[in-house]
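One letter stands for each residue in the lines below.
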Amino acid sequence: MELRRDVFQAIADPTRRAIITLVALQALTPTAIAGNFDSSRQTISKHIQILTECEILGQEQKGREIYYHLNPQKMKEIADFVEPFRKLWDVRFNKLEDVMKNYKSDK
Amino acid sequence: MELKTKVDAREGMQELVITREFDLPLELLFKAYIEPEIVEQWMGTKVLKLENKNHGSWQFVTTDPKGNKHGFNGVIHEFSMNRKITRTFEMENTSFPVQLEFLEFEALTEGTSKLTMKIIYKSVADRDEMLKLPFAQGINMAHNRLQEIVNNIR
Numbered sequence: 001m002e003l004r005r006d007v008f009q010a011i012a013d014p015t016r017r018a019i020i021t022l023v024a025l026q027a028l029t030p031t032a033i034a035g036n037f038d039s040s041r042q043t044i045s046k047h048i049q050i051l052t053e054c055e056i057l058g059q060e061q062k063g064r065e066i067y068y069h070l071n072p073q074k075m076k077e078i079a080d081f082v083e084p085f086r087k088l089w090d091v092r093f094n095k096l097e098d099v100m101k102n103y104k105s106d107k
Numbered sequence: 001m002e003l004k005t006k007v008d009a010r011e012g013m014q015e016l017v018i019t020r021e022f023d024l025p026l027e028l029l030f031k032a033y034i035e036p037e038i039v040e041q042w043m044g045t046k047v048l049k050l051e052n053k054n055h056g057s058w059q060f061v062t063t064d065p066k067g068n069k070h071g072f073n074g075v076i077h078e079f080s081m082n083r084k085i086t087r088t089f090e091m092e093n094t095s096f097p098v099q100l101e102f103l104e105f106e107a108l109t110e111g112t113s114k115l116t117m118k119i120i121y122k123s124v125a126d127r128d129e130m131l132k133l134p135f136a137q138g139i140n141m142a143h144n145r146l147q148e149i150v151n152n153i154r
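Chains as they are written, first to last, in my numbering: chain H, 1 to 107; chain B, 1 to 154.
To be clear, the hints were calculated from the coordinates, so they are not data collected in a lab.
Source: prediction; values computed, not measured.
Heads up, the beta-carbon is just placed ideally off N, CA and C, and yes, glycines get one too.
Accuracy of the hints is not assured; some may be wrong.
[To be verified] FRET-style restraints, in silico, Cβ to Cβ:
#, chain 1, residue 1, chain 2, residue 2, range
1, B, V61, H, K95, 16 to 24 Å
2, B, N54, H, T43, 19 to 27 Å
3, H, R92, B, A107, 20 to 28 Å
4, B, S95, H, N36, 13 to 21 Å
5, B, N54, H, S39, 53 to 61 Å
6, B, E104, H, Q42, 15 to 23 Å
With the hints as constraints, model all of the structure from the sequences given.
Next up, the structure:
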């Protein structure tokens, strides 16, 4: 019997986290994904299958190749994927505020 | 606790809105966007060109910790002192298309102000790519750290 997969199970494995990182940047074929690892092609295929079953990865047929991409909607279930983007701007704006407060006191 | 910086990115839209309230008077907030030396300090970039006028242009270059240079540029479509800047933004040598930015500055009180930044992307997919970038870098860093720990155990 196949256990029901969930996203937390999917990201518990370091290899699967590495796969998520790769496809977050661009859609890739299984061959291209496997090319980044020392593990066998079958092992990587199994990881891709698990990530696809819990919908973290989506498939798209382009010509004869299948490309895998990150499903951002599903990633929201794990963590709000917008948060790091917000944080980046928050840090940047905090810096602006600090710089201008010093500017004010210099005058 | 109310967040000072907010990001509103609705599902399926090719735009996003970043808002931030500053503990600064409007004039000082606006100055941070137009004085090259100040922009360099808070953006951590080198300003090659910054023409604050209608139909002006801008160009920045940032050096990453590995010493690689990254260029950014755009045109300033509309410039209105202490009110708004409408400009384009493009990352050079990347596949990301140019984006359109509407920056609106307003005074809240004598000593506080607000910036509303609306960014419009070429497509929904392009917007989502940009949103995902810091997220992807985050997992990448977490993964590298994990890799270091594993390597040390060996």
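Between the beta carbons of R92/H and A107/B, is the distance compatible with 20 to 28 Å? At roughly 21 Å between Cβ atoms, A107/B and R92/H fall inside 20 to 28 Å, so the hint holds.
Regarding V61/B and K95/H, is the given constraint of 16 to 24 Å on their beta-carbon distance met? At 18 Å between Cβs, range holds.
Mind checking the hinted window 53 to 61 Å against the Cβ distance between N54/B and S39/H? The hinted range 53 to 61 Å holds for N54/B and S39/H, with Cβ atoms some 57 Å apart.
Range hint 19 to 27 Å (beta carbons of N54/B and T43/H) holds or violated: violated, 58 Å
13 to 21 Å was suggested as the range; check whether the CB atoms of S95/B and N36/H agree with it. Holds, at about 19 Å.
Return holds or violated for the Cβ distance of E104/B and Q42/H against the range 15 to 23 Å. violated, 55 Å
The structure does not agree with the numbered hints 2, 6 stated previously, though it agrees with the rest.
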